[in-house]
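In case you want the letters, here they are:
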Amino acid sequence: MRKIWHNVFPVLVVVTAIMVLWYAFSVVLNKNWAYDKSTRGGYELSFSELVADTWTQKKPHLPTPDQIVVEIWKTTVEKKVTSVRSLVRHGWITLSATLLGFVFGTCFGIILAVGIVYNKAMNNSVMPWVIASQTIPILALAPMIILLLNAGGITGIVPKASIAAYLSFFPVVVGMVKGLRSPEAMMVDQIHTWSANKMQTFWKLRLPSSVPYLFPSLKVGIAASLVGAIVAELTLSQDGGLGARILQANYVGATMLIWSALIVAAALAATLVALMGLADRIVSKRMGFSR
Amino acid sequence: MTYVFMAILVWGVGWGINIAISRRKSSRWASPISAVIFGITFIAMWELIGTGLEVSPIILPLPSAIGPTFVNSLPIMWADFVQTFVKSALSGFAMGCGGAFLVSLAIDRSDFLQRGLLPVGNFVAALPIIGMAPIMVMWFGFDWQSKAAVVVIMVFFPMLVNTVKGLQASEVMQRDLMRTYAAGYWKTLFYLRLPAAAPFIFNGLKICTTLALIGAIVAEFFGSPTVGMGFRISTGAGRFELDLVWAEIVVAAIAGSAFYGLVVLIERAATFWHPSIRK
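For the protein sequence lines, the chains are A and B, in the order given. Residue numbers for the first sequence follow our numbering, beginning at 1 and rising by one. Residue numbers for the second sequence follow our numbering, beginning at 292 and rising by one.
Only chain B is shown next, with the shape it has when bound in the complex (with noise of 0.2 Å):
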């Protein structure tokens, strides 16, 4: 019991901390360092009361037993991370979001082809296409070839609705005014209006790294080579190895953050004069 209690005072601490932060004049760093006593907090408690309650590592272990594993098995962690996240997701993401800018410059020139694909694109974009999964592997093999084949079908609709959507951004006055410095299409576009679809072509390259990293590994569960993040995750869950399911998931979820992070900054770097970046 003592650890139980322990684990309340650490939570007592971590948001008294927090909400002194909070009635403190804001500074900059109020809300990363909130955030991060916050993770702490939790991960001590998650501690804490695993030890205290004496829960079966089978079923949950303590962070103290995920850290090693980690640490041990990076190897496998490696070949994974290069199975799932390089191979299958990175070609998946560039070949689906390039496919998709380049098919919105060719329909943003028809209005008609606009208003025929954005309702089934819409649509598209709300369906289970996780569930494609198993055909792709049909088509394509159990190689990364298919996960990658998931991913281009995930990632497409949403890409594709948010450049016509971009594209779409500038207003008439700013078109008009490049027509009368006699700018003909290819130069209206891009020095007006891909930049003017920057922050929401960034905006669905955003949502695509989240999709991308999930449809590469849900597709492993259908069917995967000896190796890759979904693999391990699934086989791992099948064989009580809870202690390196958690570690695969912390590489998942360092992946797919430090993915967004790396979009996020160079959409700072390319739309720095959008008034949201701009301070």
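Bound-form chain A, shown alone (with noise of 0.2 Å):
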């Protein structure tokens, strides 16, 4: 008990210091528009009257924390799920084609990955295209990759979740090669003297060795595939999704829409992570792993 609040409380103190900043700048941010009415009003502000305005605007520059949960509120909660206005709905499409996406993305990833291990020619040709590939930046295909598929005649989920498969599919093979590489020349030496082949020795020791890299890259694979739906529904923003919603408020200028889309979407985000790192967890104790 005491060692989990020595962990614990340190966090607290951050993420109240942070609420408190927040509420701070929500006052600095949305003052000239209290002052604005106001002057046109021809009325004084004292203070506490200036900071109960910029908290309850209704459309803020920086919306309240207590303003935003009231919106996801109102937008979970209260509305039906197949309204066009409720999150719950938007954050589906969008969990859908992640979900989709990082499926794809990881088997071909560990596909390939075993390719590259297990072929010398593939290892010198391909290896070096997926290392350059990671620093171009992937997400300005997107728009590119989604008319193609388009034109093709596919349309619906699978666009959105090509572009978060194609994201989720670099963490995978890097740290799937890492992993499939790392039993020591001791222990493969060890099993070739028990006379097992290579398929034994891929599904007795290189597989199960590589467990310990593949979850890290899962979890970071699961955070991109959600970012490349996001960026995805941008440019497919008439079938909806959270990045269809972020895009449609920034058009009308609805900052809380904004702010709670974005919120969802990060709670989306930590929820996925912290499964990956439960099922890391878990497989990990069940193989012997565990710290």
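Just so you know, the hints here were simulated from the structure itself, not pulled from any lab data. On a predicted model such as this, the values are computed, not experimentally measured, just so you know. Virtual Cβ for every residue (Gly too), placed ideally from N, Cα, C. Heads up, some of the hints might be wrong.
Claimed, not checked - Far from chain B by the CB rule (all over 10 Å, computed), these chain A residues: (1) LYS31; (2) TRP129; (3) LEU275.
Claimed, not checked - Here are the simulated DSSO-like pairs of lysine-lysine, each with C-alpha atoms no more than 30 Å apart in a straight line: (4) LYS3(A) to LYS456(B); (5) LYS37(A) to LYS58(A); (6) LYS478(B) to LYS178(A).
From the two separate chains plus the hints, produce the assembled complex.
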């Protein structure tokens, strides 16, 4: 108990500090509009009135956390899921594209990593491009890829999922290649003396020892595929989704909508990464890797 | 169909050469050469299959169409490059990484702040921060300042987490040794802890180069002046000027790789003593 407190208390302090700063900033950023109203109305604002006004505006530059929570409550719990304004609906659209893309990206990444580890020609020719492609801004390709797939008659969830897959694929390849190569020469020799063939070496030695490398990549990958799905929705905004919601809100200057969609996206990301972390713990405990 | 067969032939030849190279005794150049052959094979197949199946240039322009567009629209490309890369990405990168570095020096002195800020930093680093772009556009206007702000937020936390990790990299024994030399905080920092942290700091910088360019480009999808790489890509894709868009992507790829390469070069010069670089 004491140990948990030792770790949690500083985080609480930092989060509280962020909240205090947030409220302070929303006064600073929203005060111009408050002063505008008061000069037009011809009355003076005392400091407490100013603060009260900046924290309750309809279209603030920076909404306060409590305003955002109320807005999220209104657009998730109080709205029907089928409504176009329901963040649950948009969140689900984004989540389904993210998960589909993540599964595809991970499978493809693992297959490619196996190819790279077992085929030297592939290692020499493909691996440098995998690494180089991490240095180029892949997300810039998103509108193009969507356009290409649309022209090919592929619409709906697949274009979004392919961007998400594309983004989650690279961390998985890099992590898996490292992981599949992680058994030391001594271990490989050992299993060789047991006259294991290539398949057995793969299933009984290389694949199990890659697991501690796979999960950190999966954590990065699922966060990346969420970003990919959101950016893809900017181009495919007619289908809905959190990214589309942010873009539409941006056109009409509805800051509350942007913030609530953002916070939902952040919560989604945090949940997905936390689930991956949980899966990591369970699997590594059962496999005997646990710390 | 002949073109498609030629493409398959090209693929076979390229693959054959690569296998032959990999079977030979490994030399220093084996890997770069096969990477180049793979790249050339890929572009040749793109060209041949595109011609063979008569893919409409509206859908997928051929490399032979992208090349001339690239050369012809160099002035536009240059203006976009300056707007997006130099003004937005570089300034945001410098501010974000510099700020994160200073903050991590500050929180390094307090164990409490470390335990508080690191989980928050790790959390924020996983968030889809790119969604902050419309808000930054609202606060800082359409020009490069808002894009730089997005870049600052994107690079800040990865850099912070890496630098803090790096500052913890020196061992207790080494720090004790510095203490027996009567070195104070600053001397220990400059002669022991910063050099020990350098590999981690450079790792953070390398991650941030990619993030900076992505942030600057995607932020332009949310509103920008009529110049910039992200602007050109989103409007070009809307107007089906795909050869221009592909040329812009080539610029982005070159700029991104060059930026990354530059950081790697600096890293090699600065951490020449590290086992991963020392040969």
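- Item | Check on LEU275(A) being off the interface with chain B, judged by Cβ distance over 10 Å | holds, 12 Å
- Message: Does LYS178(A) sit within 30 Å of LYS478(B), going by the straight-line distance between their CA atoms?
- Response: At roughly 37 Å apart (the allowed maximum being 30 Å), LYS178(A) and LYS478(B) break the hint.
- Item | Status of the stated non-contact between LYS31(A) and chain B (beta carbon gap over 10 Å) | holds, 14 Å
- Task: Given the hint that LYS3(A) pairs with LYS456(B), test it: the Cα-Cα distance must not exceed 30 Å.
- Result: holds, 21 Å
- Hey, is TRP129(A) genuinely clear of chain B, shortest beta carbon separation above 10 Å? violated, 6 Å
- Has the given pair, LYS37(A) with LYS58(A), been kept, meaning a C-alpha gap of at most 30 Å? With a Cα-Cα distance of about 13 Å, the restraint between LYS37(A) and LYS58(A) holds, given a limit of 30 Å.
This entry does not satisfy hints 2, 6, going by the numbered hints stated previously.
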